[in-house]
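Listed here are the chains, written in short residue letters.
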Amino acid sequence: MKKSLMAFAGLAALNAGPALAQSSVTLFGVVDATLAHGSGSASSKTFLTNSGFSSSRVGFRGTEDLGGGMSASFWLEAGVNNDNGAGGTTNTNNQSTGAAPPAAGGQGLTFNRRATVSLAGNWGELRLGRDYTPQYWTLGLMDPFGSNGVGTSQTVNSLTVLTAVRASNTIGYLLPRNLGGFYGQAQYYLGENNSNAGTPAGSTKNDGSGYGLRLGFASGPFDVVLAHGLTRYAVGDFHQNNIGAAYDFGVVKLVAHFSFDKNDIATSGKGRGYLVGGLIPVGAGQIRLSYSRYQIELAAAKPTATKFAIGYNYNLSKRTALYATFAHVSNSGGSGQTLNGATLASPNDSSSGYDFGIRHSF
Amino acid sequence: MKKSLMAFAGLAALNAGPALAQSSVTLFGVVDATLAHGSGSASSKTFLTNSGFSSSRVGFRGTEDLGGGMSASFWLEAGVNNDNGAGGTTNTNNQSTGAAPPAAGGQGLTFNRRATVSLAGNWGELRLGRDYTPQYWTLGLMDPFGSNGVGTSQTVNSLTVLTAVRASNTIGYLLPRNLGGFYGQAQYYLGENNSNAGTPAGSTKNDGSGYGLRLGFASGPFDVVLAHGLTRYAVGDFHQNNIGAAYDFGVVKLVAHFSFDKNDIATSGKGRGYLVGGLIPVGAGQIRLSYSRYQIELAAAKPTATKFAIGYNYNLSKRTALYATFAHVSNSGGSGQTLNGATLASPNDSSSGYDFGIRHSF
Amino acid sequence: MKKSLMAFAGLAALNAGPALAQSSVTLFGVVDATLAHGSGSASSKTFLTNSGFSSSRVGFRGTEDLGGGMSASFWLEAGVNNDNGAGGTTNTNNQSTGAAPPAAGGQGLTFNRRATVSLAGNWGELRLGRDYTPQYWTLGLMDPFGSNGVGTSQTVNSLTVLTAVRASNTIGYLLPRNLGGFYGQAQYYLGENNSNAGTPAGSTKNDGSGYGLRLGFASGPFDVVLAHGLTRYAVGDFHQNNIGAAYDFGVVKLVAHFSFDKNDIATSGKGRGYLVGGLIPVGAGQIRLSYSRYQIELAAAKPTATKFAIGYNYNLSKRTALYATFAHVSNSGGSGQTLNGATLASPNDSSSGYDFGIRHSF
Chain A
0 MKKSLMAFAG LAALNAGPAL AQSSVTLFGV VDATLAHGSG SASSKTFLTN
50 SGFSSSRVGF RGTEDLGGGM SASFWLEAGV NNDNGAGGTT NTNNQSTGAA
100 PPAAGGQGLT FNRRATVSLA GNWGELRLGR DYTPQYWTLG LMDPFGSNGV
150 GTSQTVNSLT VLTAVRASNT IGYLLPRNLG GFYGQAQYYL GENNSNAGTP
200 AGSTKNDGSG YGLRLGFASG PFDVVLAHGL TRYAVGDFHQ NNIGAAYDFG
250 VVKLVAHFSF DKNDIATSGK GRGYLVGGLI PVGAGQIRLS YSRYQIELAA
300 AKPTATKFAI GYNYNLSKRT ALYATFAHVS NSGGSGQTLN GATLASPNDS
350 SSGYDFGIRH SF
Chain B
0 MKKSLMAFAG LAALNAGPAL AQSSVTLFGV VDATLAHGSG SASSKTFLTN
50 SGFSSSRVGF RGTEDLGGGM SASFWLEAGV NNDNGAGGTT NTNNQSTGAA
100 PPAAGGQGLT FNRRATVSLA GNWGELRLGR DYTPQYWTLG LMDPFGSNGV
150 GTSQTVNSLT VLTAVRASNT IGYLLPRNLG GFYGQAQYYL GENNSNAGTP
200 AGSTKNDGSG YGLRLGFASG PFDVVLAHGL TRYAVGDFHQ NNIGAAYDFG
250 VVKLVAHFSF DKNDIATSGK GRGYLVGGLI PVGAGQIRLS YSRYQIELAA
300 AKPTATKFAI GYNYNLSKRT ALYATFAHVS NSGGSGQTLN GATLASPNDS
350 SSGYDFGIRH SF
Chain C
0 MKKSLMAFAG LAALNAGPAL AQSSVTLFGV VDATLAHGSG SASSKTFLTN
50 SGFSSSRVGF RGTEDLGGGM SASFWLEAGV NNDNGAGGTT NTNNQSTGAA
100 PPAAGGQGLT FNRRATVSLA GNWGELRLGR DYTPQYWTLG LMDPFGSNGV
150 GTSQTVNSLT VLTAVRASNT IGYLLPRNLG GFYGQAQYYL GENNSNAGTP
200 AGSTKNDGSG YGLRLGFASG PFDVVLAHGL TRYAVGDFHQ NNIGAAYDFG
250 VVKLVAHFSF DKNDIATSGK GRGYLVGGLI PVGAGQIRLS YSRYQIELAA
300 AKPTATKFAI GYNYNLSKRT ALYATFAHVS NSGGSGQTLN GATLASPNDS
350 SSGYDFGIRH SF
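The listed protein sequences correspond, in order, to chains A, B and C.
Residues in the first sequence are numbered from 0 upward in steps of one, following numbering that gives the first Met the number 0.
Residues in the second sequence are numbered from 0 upward in steps of one, following numbering that gives the first Met the number 0.
Residues in the third sequence are numbered from 0 upward in steps of one, following numbering that gives the first Met the number 0.
Hints are computed from structural coordinates only; laboratory data are not their basis.
Don't be surprised by glycine CBs; every beta carbon is placed ideally from N, CA and C.
Treat the hints with care, since some could be wrong.
A short, non-exhaustive set of chain B residues, derived as facing chain C with CB atoms under 10 Å [unchecked claim]:
| # | residue |
| --- | --- |
| 1 | LEU65 |
| 2 | ALA71 |
| 3 | GLY86 |
| 4 | GLN106 |
| 5 | ASN111 |
| 6 | SER117 |
| 7 | ASN121 |
| 8 | ARG129 |
Covered stretches of chain C, as calculated for chain A (at least 3 residues, CB under 8 Å) [what the hints assert, rightly or not]:
| # | region |
| --- | --- |
| 9 | 69-80 |
| 10 | 253-264 |
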C-alpha cells in the first residue's frame, strides 16, 4: 500500500469556511469475513460468508454546519458481501413487489443499509429516506450478538415482515440528545401505491405503509427502551411491540428484551419472544452469551424456536477483532429454524452452527 | 459524526509532484429527498422520492496535469435513489436491448450519469464514454427547473428516444473555453452492433448509433445555443433540433427554448415544443416559473401537453436548500401526460402535482 | 474541477494514533476507454469498450498497523465499464448458478475484482474473500498484454472454467516477502453447497470447491513461477498446471509461459498452450509483442487457436497512456476463436482486431 499522502478535495470544502471539521465527508466501512458451518438432520454446510460479528459495509456520510445550532447531513451506507464481492439488496416499497429477484451475483453496491438526508437542530432531527425502523432497535441493540452471525436472537430471526429491520421511504423525527437521558424517535414510511391500487380499487393503497415509535431512557449503567410498530398490508397488518433493557455491572453487562407481535393474517396469529444475555469483558476481548426464544401462537400449533449462543471476540485493536461463535437452536411445535444454511429432515429437529472470523473496520 | 481528521492517501499523489491541487481526486454528490404527490382523474399517489431539485448522485472525479497545457481527467458519476437506496440504471447500447430489466431494488451503484475519460489542452477536450448528449443541454440548461422534479419541461418529458438525455459509447470533442464567448461540442455514439445484425443482414447494424452537435455564445448576461442530434434506429431515425436563450436582467433571469423533433417511424411524426420561464431571486432563495408545451403532429391527431410550473427554493447554505414546486399539466388531442405517478381515467384529462423537499450537496 | 482542498475524515483515524500513514484508506482506480474493432468472415464490429490496456476499476483499500509487525488490511475493488457506466459481475459460488443473468445495464458497482480482508505478519498473510486464483497469476503476469484487450493470451482466452481468473469464498495464505526471492501462495475456495446437494445426495456437494498453489523465485532481472490448480465440478474436475518465466535484458524483457490443463468431462480432454512475448522500451513508451497458442486434445479433433499480437503504448505520464494494439487469431481443427466481437462464417476461419485507447489511473 502506498504511503503517499494527499489532501482530499471535496465540494464540501467550498462552503466550509473555517469550520473544516464540521463540514467533512467520511468514507467508512467494515469488512468482516466468516468461516461458517451449520449442521442439521438432513444436511450440513460449510461456507465463507460475511458479517459474522459486524455488518460488512461501505459508506459515505457528512455533516454541514448551517449555523445557529442547525446542521444538514447525509448518510449513504451499502452492504457488502465481501466473501464474493456482491452487494446487498434493498426493497423499494416495503412490499414483496419492491425486492430484487434473487439473481446470484446480480447486484451491485446498493445503499440498502441507509440512505438518508437530515436537518437537525436543538429541536431534534428530521430524517428522510431508507433507514432502520424504530421497532428494530430494541431487538438489535439489546442483543449481545447485535443481530449478526449465527448467534442472532430468535426474536429477530423469526420475523418475516419486510419492515422488521429497515424501511424505505421513511419520514422520521428523532428527539434531541439533551433531554436528561430520554431518547426516542417517530417514523412514518410509505408503501407508495396509487390511490386506486388493487381490486376493488383502493384495497391495497396502503400496502407497505406504516409507522414506528420508540422511547427510551439511559442513565449511567442503565438503559431501557420500548417501541411499537405497525405495517399495513392488504393481507393483514403486522403489529410489533417490544421492550428492552440493559444494565452494565462492569464485570458483566446484562441485556434482555421481550417482543409481542401480531399478524392480522388469519392463518398467522400472535408471536411472542424474549432474549436474555450478557457481555463479559475478558482481557482484550469479551464473552457473549444469549438465550432467546420465539413462539408463534397458531390455532392448531405453537411452533417454538429456542436458541443458545456463546461467543468470544479478541480485539487486536479497536478496529480489528478475531471472533468465534457457537449456537444451537431447538425446535418444537412444528418449528423448523436452522442455522448457517443447514437443512432438517423434519420439523422439530434441532440445528447447530459456528462462525469463526475476522472483523476489520475503517 | 467523528471529527477526527486524516489525510486521504491516493495513487493520484504518486506522480503529482508539487502540483497537488491539480492532481486531486474529488468525492462529490447530492442527496435530495422529496415528498411528492400527484393527482389525476383516475388516481393520486403520494410518495417519497429523490432529485426533486437536483439529481441525487455520488461520484468520483479527478484531473492530472500533464504539463504543456495538457491534462487528463476522469469522471464517474452514479445516480442514487436515496429514498430507497437503489441505484440508477444505464443503457449499454442506446437501444432497448441495452437497458436493465425493471427489477425493483435490483440495481446497485451504476455510473449511469457519466463515465468518461478525457484528454484536454488548449485545442479543446477529447472525451470518451457515457455522457449527456449535446442536444439535451439546450433543454436542460434553458429550463428553470433543470429537468428535475415535477416542474420538468414538457419538451423533455415528451421525448421517448433513448438518447434524449444521455448516450453510452460516445466519442466527443468539446471546444476550448477561450473562444471569445463561443462554446460547443460534437459527439458521436455507437450502437455497437455487428455488421450483419438483423434480417436482412446489416439492416440494424446502425441501431443506436448517432451524433449530436451544439454551438453556443455566452457574453455577460446573455446566452444563446442551438443543437442538432440524430439517432439511427432500424424502425426509423430520430431527429432533434433545438435552440435556447437566456438573459439575466438581475431582478429576473429569463430563459426560453424551442424544440423541433422528427421521428421517421411512419406512425410517429413531428414533435414541436417550447418553454418560456424565469428565475427571480428573492432574499436567500428564488422563485422559479415555467410554461412549456409539446405537440406531436400525427396524421389523425395532435396530442398536446401544456404545463405550468411554479417553485420556490430557500437556500439554508450554498449546499443545502429547502424547496417546493407545484405543476399542472393540461392534455388535448389524445395526450395523456401525468405528474408524479398519478393516472388518468381518460386521455385529455389533466393532472397536477407537487414536490416538497430538501437538497444537500457535498 | 474545484481546487479547494479539505482533509478527509475517516473512522480509520480514530485509532491510528501517530502512525497516520500506516493506517490510511486509499481510493484508487483506472478508467481505460478503447475504440475496438474486430473483423471475421461473417461480420465485423466496431465499439467503444473499456480495459484495453489496464482493467477499469474503482476501489477502496487500507491497512492498519497492529504493532509487533502485524497488520490488518482490506481491499474492495470493483470493475467499471466506463464506456456505458455499468459495473462488472461476480460469481458467488464458483458455479454456473452463482453468476448474474446477463441483463444489459442491470448491474451496479460490484467488488467483483477483489473483496478481501487480511491479517499479515512476518509469517506471511492470511487473506479471506474474493481474489485472483494462484493459477491465474502465471498466465496474467507472464503476458506482455496482461490479459487486457485484444492481445490477451490464448492460454487465458481459451479457458472456460469459472475459476480461471478469480474465485469467491477463498481462504488464502501468502508467503512473506523476505524469503530471499522466493514467493508463493496457497488458496482454498468453497463452492458452498449443502452436504446432501444433488442426486444422489452428496453428488455435487463439492461443486465449485477447489484450490490453487503457486511458487516462484525472482532475483534481479529473472523471475520464474509455477502453479497448480484444481476445481471440482460434478461434471468433472478441472486441473490446471502452468509455468512461466521472465528475463529483463533491458533492451527487451522476454516472457514465456506454458499451460497444461485437463478437464475430466468425457467430451472435453486436455488443453495445452504456451505464450512467448517481449516488452521493448522505446522512449516514453514500449512495444509489446506476443505469440500464443492453445490446443484442446479431443478424441476426434484438436481445435487449435494461434494468436499474434503487437502493441505500442505511449506514456503521457506514469498515470496516463495512449495505446494501440493489433492482433490476429488463426483457427484450425474446428476452433472458432474470434477477436473483439467479430463472428465467423465457419470454424477454422481467422479473425483480427485492434484496440486504440487511453488509460488513466488514479
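- request: Could you tell me which of the hints above the structure violates, numbers in ascending order?
  value: Hint check: 7, 10 fail, others pass.
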